[in-house]
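My request is simple: use the sequences and hints to build the entire structure.
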Amino acid sequence: MIRVVLPAHLRTLANVNSEVTLELKGAVTQRSVLDALETRYPMLSGTIRDHVTKQRRPFVRFFACEQDMSLEGPDTPLPNAVASGAEPFLIVGAIAGG
Amino acid sequence: MSKVRILVGTKKGAFILTSDGKRAKWDVSGPHFAGWEIYHMKGSPVDPNRIYASQTSSWFGQVIQRSNDGGKTWEQPGTRPGESTTTPDGMPMGESNKFVYDTSPKNGKPLTTHMWYDGTQHPWEFKRVWHLEPSLTDPDTVYAGVEDAALFRTTDGGKTWHELAGLRGHGTGPQWQPGAGGMGLHTILLDAKDPKRIYIAISAAGTFRTDDGGKTWQPINQGLKSQYIPDPNAEIGHCVYRIAMHPSRPNVLFMQKHWDVMRSDNAGKSWHEISGNLPTDFGFPIEVHAHEPETVYVVPIKSDSEHYPPEGKLRVYRSRTGGNEWEALTKGLPQRDCYVNILRDAMAVDSLDACGIYFGTTGGQVYASTDSGDSWTAVVRDLPAVLSVEVQTLP
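As given, the protein sequences belong to chains W and D, one line each in that order. The C-terminal residue of the first sequence carries number 101 in the numbering used here, and the numbering is unbroken. The C-terminal residue of the second sequence carries number 385 in the numbering used here, and the numbering is unbroken.
Hints in this document: simulated from the structure, not taken from any laboratory. Nothing here was measured: the structure is a model prediction, and the numbers come from that model. Glycine residues also receive a C-beta, built at the ideal position from the N, C-alpha and C atoms. There could be a bad hint or two in this list.
Unchecked claim - With a cut-off of at most 25 Å between alpha-carbon atoms, the simulated DSS-like pairs for lysine-lysine come out as follows:
1. Lys321/D <-> Lys12/D
2. Lys149/D <-> Lys57/W
3. Lys57/W <-> Lys88/D
4. Lys117/D <-> Lys57/W
What the hints assert, rightly or not - Taking CB as the label site, the calculated pair distances span:
5. Ile219/D <-> Glu26/W: 54 to 62 Å
6. Thr15/W <-> Pro385/D: 32 to 40 Å
7. Lys57/W <-> Arg310/D: 49 to 57 Å
8. Glu315/D <-> Thr15/W: 45 to 53 Å
9. Thr15/W <-> Asp130/D: 23 to 31 Å
Structure, rendered in structure tokens:
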């Protein structure tokens, strides 16, 4: 079981109140987590990564186990603590603007 | 008795203001989609309770919302709560937010770049939907004007969107350049008399027309003069802010440009200036009276570098002669210390016998006039900055 924490606006969009849980088969990577997230919550398609290129949107960051994972490759395995469900995968709206 | 519904898009959500035909007392509903920018909302002319909204965020991109009950409840088309979230072959749905440029050779040309601010070529990148224009005849068909400039259409109520690629592919696309606010397709006018004719406008490319339902397009900018571009009389490159028409006379167009108020009497083939006695001919919105095709409204703004009314006086200007002769409408509007702006999509008219005019400001006020502009009252005063205003006249 994978735990994913969404930013507030995306929780509203997905109509969830807290972190979401996903069941994954195979390697646990950014790509597989986001694929599973968008399948379960299709209204999130395009809000975290581009519909076509699958590039992360510029003001969205990924964190896990107190590390910024945003610049890791999409197929790089996420930490074991995320894969086991001990720690959540955090999707964060960057603090930006004014 | 008739009712009026004002759809207000703001920097921080959508608001819906409703009143009976007297337009004296208003109910305010909202914010809907709190915290998101609502660039535009518009209802279907044939099914007024069908309303489409463009919900956007620099963080999380584009979302299309649809209401089937006049704005009480909303859904993303194709992802109704409780329905399957995948198609029968297992593909995720959620296509309603997907605006992908058509670069297939079959549908035009593999056009991938336009001109950037520095004159180099830059990839076309989808950013947001600026304007939604529902079909005049079918509630499931809607046109979407987007940034970077392109025209999309849905024919299934917003579930899927497809580009009318002939616009970007017609030939001048690589010369299109963004204005300071981005390269947005912000105006879509549907010709009520000729379903195959559509006018659109882009900042800062200009105005274009199709006569075959969107397959082929031509620039219609002859007569526009823009001193800030290398060739002031160029075929394209003009920063058109808004065009308007009266539905009974679709060959007559009015334009507010980055400086100059213009008019065309031949479906955009040529334009002439009608700024006349305006205190400044810079501004953003332009609108036509519901029952008087020669009555036009603009809101002059001081200059391209000072986006607020001259002298701190908020004045709508009205011409009853189709331009050139303008009168200031001030009753009920602040006449001192007013430094708001009125954006291009933030003015609209109703179609009651005594035509109502409405506009929203970057200061969060929505003003209404129920006497063709002679006098004004603030419907609301303290909304977030208003991005767009549309009005529905309901039976």
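The hints, checked one at a time:
no.: 1; hint: Lys321/D <-> Lys12/D; in the structure: holds, 19 Å
no.: 2; hint: Lys149/D <-> Lys57/W; in the structure: holds, 20 Å
no.: 3; hint: Lys57/W <-> Lys88/D; in the structure: holds, 12 Å
no.: 4; hint: Lys117/D <-> Lys57/W; in the structure: holds, 15 Å
no.: 5; hint: Ile219/D <-> Glu26/W: 54 to 62 Å; in the structure: holds, 57 Å
no.: 6; hint: Thr15/W <-> Pro385/D: 32 to 40 Å; in the structure: holds, 34 Å
no.: 7; hint: Lys57/W <-> Arg310/D: 49 to 57 Å; in the structure: holds, 56 Å
no.: 8; hint: Glu315/D <-> Thr15/W: 45 to 53 Å; in the structure: holds, 50 Å
no.: 9; hint: Thr15/W <-> Asp130/D: 23 to 31 Å; in the structure: holds, 26 Å
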